[in-house]
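Colleague: Mind docking chain B on chain A? Use the hints.
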Amino acid sequence: MVIVFLVQVWSIYNVWHAVPSWSLAMDTWTLAGTIAYTQAFALFESLLILGLMVTLAVILPRNWYKERFVAQSSVAIILAAVASVLAHLYGQDWGMWNTRGFLTWLGIMFCLILVAFILVARFERLQRGFEALADRLLILSSVYIAIGVVSLILVLIRNI
Amino acid sequence: MIVKLHRREFLKLAATLPLLKLAWDWERLSSASRISVQGSAAPNVVVLVFDALSATNMSVYGYPRETTPNLSRIARNATVFHRHYAGGNFTSPGTATLLTGSLPWTHRAFHLYGTVARQFEENNIFKVFSDGGYQTLAFTHNELSAVLLYQFREYLDSIKFAEQFFSNTHFEKDHTAAFLSERVIEQGHRGVGWQLPSSLFLSVMYQLWRTRWKTDMQRQNRQDFPRGLPAPSPAPFFYRLEDEIDWVLEQVAASSKPYLGYFHFLPPHEPYNPRREFVGIFDNDGYVPVPKPPHHFSNGYSNKVLWRNRKEYDEYIAYVDSQWGRLFDSMQQRGLLDNTILVITSDHGEMFERGILEHITPTLFEPITRIPLIVWRPGQQERVDIQALTNNMDLMPSLLSAVGLPIPLDTEGEVLPPFSQTAPNPQRSVFTIEAKSNPKNGPLRIGTIAMVKDRYKLIHYFGHEGFEDEYEMFDLFNDPEELDDLYLSQPDIARELKIELTAKMNEMDQPYEKG
Chain A
14 MVIVFLVQVW SIYNVWHAVP SWSLAMDTWT LAGTIAYTQA FALFESLLIL GLMVTLAVIL
74 PRNWYKERFV AQSSVAIILA AVASVLAHLY GQDWGMWNTR GFLTWLGIMF CLILVAFILV
134 ARFERLQRGF EALADRLLIL SSVYIAIGVV SLILVLIRNI
Chain B
788 MIVKLHRREF LKLAATLPLL KLAWDWERLS SASRISVQGS AAPNVVVLVF DALSATNMSV
848 YGYPRETTPN LSRIARNATV FHRHYAGGNF TSPGTATLLT GSLPWTHRAF HLYGTVARQF
908 EENNIFKVFS DGGYQTLAFT HNELSAVLLY QFREYLDSIK FAEQFFSNTH FEKDHTAAFL
968 SERVIEQGHR GVGWQLPSSL FLSVMYQLWR TRWKTDMQRQ NRQDFPRGLP APSPAPFFYR
1028 LEDEIDWVLE QVAASSKPYL GYFHFLPPHE PYNPRREFVG IFDNDGYVPV PKPPHHFSNG
1088 YSNKVLWRNR KEYDEYIAYV DSQWGRLFDS MQQRGLLDNT ILVITSDHGE MFERGILEHI
1148 TPTLFEPITR IPLIVWRPGQ QERVDIQALT NNMDLMPSLL SAVGLPIPLD TEGEVLPPFS
1208 QTAPNPQRSV FTIEAKSNPK NGPLRIGTIA MVKDRYKLIH YFGHEGFEDE YEMFDLFNDP
1268 EELDDLYLSQ PDIARELKIE LTAKMNEMDQ PYEKG
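Note that the protein sequences, when read in sequence, are chains A and B. Residues in the first sequence are numbered consecutively from 14, following our numbering. Residues in the second sequence are numbered consecutively from 788, following our numbering.
So that you can see chain A by itself, here it is in the shape it has in the complex (with noise of 0.2 Å):
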């Protein structure tokens, strides 16, 4: 529920900025059909990453991560999250986008996520408190996967 609730915020809100020069030049129906490709985007995103999470859960040991799923992969996918939209914003002035600034960036966010998993694993609270913020996100989460899946029927349509 975190992963799609931060991937289709972050959509959403990048979108909106394109949306009052789009509805300039277009018409209704292209203008839900562009925004439609990149919400069904999102939605595929958050699904990559969550299959990439339930790949992990089974792979790793069992009480290294899949006991504690829910708290583990939402702390990860917060400190990527922030880790890429500085990426995003500040990627440039790094030096990031070659081999060594690009692994360096990995390497901080991956040493980041470890810590933040011995915490949780370690602090039963932090544990709850992660758990107690993916509950209260997925009636949002529920919406926003409606909004991806209506936008995937929008762009099966436009293609028949």
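Because the hints were derived from the structure by calculation, they are not lab data. Warning: the hint list may mix true and false statements.
Short, incomplete list of chain A residues facing chain B, as computed with Cβ under 10 Å [unchecked claim]:
| # | residue |
| --- | --- |
| 1 | His30 |
| 2 | Ser34 |
| 3 | Leu92 |
All residues carry an ideal CB built from backbone N, CA and C; glycine is no exception.
Modeller: Okay, now just chain B, sitting in the frame of chain A:
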């Protein structure tokens, strides 16, 4: 109700089958013969559009720097239009004007990534040539013109967009929406201050891949292109004009039917990155552009910066010119020009003055609006110079007239010499329109319109913040650099032009006014 078919009736029906087959074959044979008749006589048409090419920077039009020696050579047997104007000041309106034979206030493609009004999906150069039995080919480097070409894809036998976008191959049917969303997903929306990709995670990987690929490409080509390979800054691709020219040669050589080829190349659009042999050719040549005071819409560039960019632009034009020469000579050697009309033009110009760089500006001075038009025809023995006012909207009716195809009734353009039987109208007014901040289906409330009539040019700025309703007027014969604004000093002429422009604007807005 079920109709029972008796054996005898069935046999009667079966006997008519050969006749039906014959009728079908006859239709095929007759249509094939129509094409082959056309094929034996109808000329091919090649339209070469070079993006952001200003006539004011071309030596073939009298520019002091020798930027176009090859084009001057080609022009010895061609028709050269000296007062030819673009329909708009950037790719979407400029290209749509050429492809529809109408101005932006009619075709409505005046936005970034704009598409034409629905009626022009059925009324464009590709449709008419295609209906006339022509093979239609199109290529573009420019994503704005790609949006238009995909809108006309139904009438294109072959379309190539230089950039490899997912939407080009997987969403051809719904290209505009898919393409714009793909750009936003990968890189953010172009044209606004805020530009971040709408994909949170995958775009990071994309950015890494794109930057690494760019670096590799630049490294590989550093020897030939010391300033880097040409690449439009927001786009994730590079190109070499040489490769695209070779591709065009292959395409036209392989065409068996008469064809219309529309080839839209990005050079000399920025970045101005020519091959090594053209870098620095105008260093210390003594040429000093005319200094001009900053305009209300100045972006604050100093003359030093503007003139350095201008010099690099001129070098880039010289490089492009070398490719014109190569293309022309190759086509001639292979006999591909024996029955081909060759057109060289642009979609808009480029500007290096008044504190304004390139063409993203609400102004419509000559460097942005005046573009080349050179028409080469087989058998023309000498250069013909046309001084009449012309516009890119005239190209479609002129080419249709040249090959004997009907001109759609609502085309605004006129048939130009040498294809017209009558002399150009000396009282004609031509327009260039900047209107990107208006709704597609509404009257024009914010923008700039330039009207050129005889020797005068009237520019009307309307709806701009702090520049609500302003006019400028220049005498292009006595003041080709547009330095002396005559709007206040010659009120009678200004009033006359203003009345005509206002009437025209009201006429074009009328279908979009409410009530």
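Colleague: Decide, hint by hint, whether the structure agrees.
Modeller: Checked hints:
1. His30: Interface hint status for histidine 30 of chain A: holds (5 Å vs cutoff 10 Å).
2. Ser34: Interface hint status for serine 34 of chain A: holds (6 Å vs cutoff 10 Å).
3. Leu92: It is violated, given that the least Cβ distance between leucine 92 of chain A and chain B is near 12 Å, above 10 Å.
Violated hint: 3 only; the structure is consistent with all others.
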